[in-house]
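K.L.:
Okay, here's what each chain looks like letter by letter:
Protein chains: 2
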Amino acid sequence: MKKYFLLTPGPTPVPPEVASAEAQPILHHRTTEFGKIFIDVIDGMKYVFQTKNDVLMVTGSGTAAMEASVVNLLSAGDEVIVASCGNFGDRWENICNAYGVKVHKVAVEWGQAINPVDIEEILKKNKNIKAVFTTHTETSTGIVNDIETIGKIVKDTEAVLVVDTVSGLVNQKFLTDDWYVDVAVTGSQKGLMSPPGLSFVTVSPKAWQLVEKSTLPKFYFDFKRMRKSIDNKETPFTPAVSLVVAIHKAIEMIKEKTLEKIWYDTEKLAKAVRAAVKSMGLKIFCDENHISNIVTPISMPEGVDGQKVVKTLREEFGISIAGGQSKLKGKIVRIAHMGYIDKTDLVVGISFLELVLRRFGVNIEVGSGVKTFQEVLEAK
Amino acid sequence: MKKYFLLTPGPTPVPPEVASAEAQPILHHRTTEFGKIFIDVIDGMKYVFQTKNDVLMVTGSGTAAMEASVVNLLSAGDEVIVASCGNFGDRWENICNAYGVKVHKVAVEWGQAINPVDIEEILKKNKNIKAVFTTHTETSTGIVNDIETIGKIVKDTEAVLVVDTVSGLVNQKFLTDDWYVDVAVTGSQKGLMSPPGLSFVTVSPKAWQLVEKSTLPKFYFDFKRMRKSIDNKETPFTPAVSLVVAIHKAIEMIKEKTLEKIWYDTEKLAKAVRAAVKSMGLKIFCDENHISNIVTPISMPEGVDGQKVVKTLREEFGISIAGGQSKLKGKIVRIAHMGYIDKTDLVVGISFLELVLRRFGVNIEVGSGVKTFQEVLEAK
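Chains as they are written, first to last, in our numbering: chain A, 451 to 830; chain B, 451 to 830.
Derived by calculation from the structure, the hints in this document are not laboratory data.
Possibly wrong hints are sitting among the right ones.
Any copy will do: because identical chains look the same in the list, a pair fits if it lies in one copy or spans two.
[What the hints assert, rightly or not] Calculated pairs, SDA-like style, for lysine to any residue (alpha carbon to alpha carbon, straight line, at most 25 angstroms):
| id | residue 1 | residue 2 |
| --- | --- | --- |
| 1 | K683 | K781 |
| 2 | K453 | P466 |
| 3 | K486 | K779 |
| 4 | K555 | G527 |
Using the sequences plus the hints, can you model the full thing?
P.N.:
Next up, the structure:
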């Protein structure tokens with residue numbers, strides 16, 4: 451009888467329309483009917499990514515699509531830049547290391563944004579760089595990176611720009627083509643408000659040239675095989691049929707609302723959450739000049755264990771927010787505002803966060819955050 | 451308003467209980483609640499595989515789990531045997547080739563079963579063989595291979611036995627431990643009567659020893675990372691949460707019915723379908739001494755294009771059966787009896803197959819196949 455609220459930066463709640471679509475009888479994946487839905491999804495994702503490039507689909511987590519990008523673009527011994535400002539940026543490095551790709555790392559303190567000039571300097575010094583890997587919105591710290599500027603730097607070099615926008619796409623403005631992103635990667639379970647299990651990749655003509663030269667081994671992740679199948683309105687292997695039908699519905703809803711309206715609404719929600727958090731006497735963890743709109747990272751006051759806050763909210767009140775990852779474990783908590791999460795969910799989240807923090811000895815007037823949240827939202 | 455019947459050897463229809471479970475609100479994957487469901491699924495799969503070995507889960511198609519087995523067990527240049535009797539057996543070879551693994555191929559004409567002695571001979575001559583890859587039920591031709599005998603041959607060598615039972619598991623008897631199978635691979639969308647998108651792998655202690663020595667690159671498919679996560683009741687990356695919740699329900703249903711009863715019922719259905727097909731004057735495509743119970747491969751009479759039969763059944767009557775794959779395209783059609791497919795679905799399938807074949811000029815008395823099907827099923 452418990453009611454659940456999912457306020458995590460992935461997976462995010464699934465609208466009832468999408469859940470119903472997911473539960474429809476399974477279609478065979480080599481039928482005209484499924485082929486039509488699949489191609490609709492691919493075309494819909496071109497709108498969501500704002501691209502005219504090829505879009506490919508992988509049955510697998512966002513990490514699968516990240517790895518697919520590495521193995522399709524590169525060869526062992528290739529040199530790349532990984533520009534990371536957190537846990538997900540570091541994942542690019544870990545994948546490259548697993549494949550014997552040589553990484554030039556651009557890193558900043560967690561909570562700060564990547565400085566595009568740092569990438570530019572390495573590219574100037576090293577003409578062998580084949581690819582620059584980075585992260586659009588780094589959910590582990592709350593940062594959004596300046597992909598537009600990075601794109602301008604990378605476009606005139608031999609390197610391709612590969613961006614993880616698993617969490618950012620849909621809710622945080624992302625323009626694949628206008629920003630010269632060669633490969634963009636996303637997952638179904640964040641802004642796309644669908645269940646986890648599908649991921650998508652865009653591939654520019656410049657990236658396809660690298661694919662032709664790549665010798666890293668691949669089979670399930672082979673981009674060329676995927677592209678060839680799309681010509682037949684198919685996937686190379688049995689796809690997660692029910693998830694494709696689900697995301698088909700979700701994309702329809704996104705197109706109906708339009709990306710511009712979603713970006714605008716998400717920004718309003720984000721501003722209201724940040725104001726609420728501050729009015730509760732709490733601090734925003736990351737650099738607010740580069741804070742994303744999809745998640746608010748909140749520093750825990752001295753002596754309060756963020757993991758315990760998350761656990762209490764989840765187990766006693768059915769509210770899932772996220773804790774800190776890796777070196778931030780216990781030090782921050784994170785409230786997401788992406789996908790199907792809306793103001794009603796956030797009022798619940800903020801209200802019970804107040805309550806739980808007070809229990810942990812923080813001097814908070816219950817209701818103060820909710821009041822600020824509503825007032826900021828209501829202001830013109 | 452059209453009614454759909456899925457009689458293909460994967461994906462198979464999903465019971466309404468499983469579809470409802472799939473559509474439940476998304477749980478966060480790092481919660482106690484999801485952890486419990488996940489571990490239940492892992493334990494349930496040990497029953498389904500009939501194993502005490504580790505079971506690992508991959509968010510991806512069956513092919514993803516096949517590739518995961520190759521990259522976790524082997525190193526480039528390793529020598530292996532691929533014993534293939536059809537399209538899916540050949541897939542092992544294609545994956546090995548992609549990773550620079552040297553394949554000794556054991557092949558038979560499509561429609562015949564693998565002769566275990568052929569494997570034994572290579573193993574005797576070549577002590578460097580690291581693994582033997584083969585297929586339990588080869589759905590492209592309808593064959594079930596004698597894994598028990600192959601297991602006895604491989605167990606006393608240095609090699610591990612890796613078996614694709616993506617289509618066979620649940621409906622065709624398969625005893626991982628008793629048959630000395632070191633690595634067994636399956637998918638969610640066949641006997642497990644769940645949507646496609648999840649796959650599972652068993653790993654024996656002998657196989658883990660190979661994993662320790664393997665140097666093929668991997669990240670998303672890394673078995674050691676998966677095993678470590680299971681200790682924390684987690685997956686390394688966001689899993690297909692809704693598919694896990696769905697298969698959790700399906701496994702509960704399988705356990706309730708028991709594997710023994712499912713094997714028995716499937717065999718009865720298979721016999722009735724084969725008899726029906728023959729009574730219609732049609733021929734079974736494969737060697738009936740080694741025919742599986744999960745799919746009936748039917749040779750098309752001279753001059754009848756199987757692809758057109760499949761297309762008419764699908765587009766006009768909403769009934770999906772499978773055509774021939776690769777070199778069998780057009781020459782056979784295949785009716786599955788696995789997972790949630792039952793006698794009511796098969797009566798529909800057989801009846802409209804009669805009708806469509808008559809349209810294509812085959813001399814068939816409509817009703818003859820259905821009559822035989824019912825009579826064979828009814829016979830004690």
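K.L.:
For a quick check of understanding: which of the numbered hints are violated here, in increasing order?
P.N.:
none
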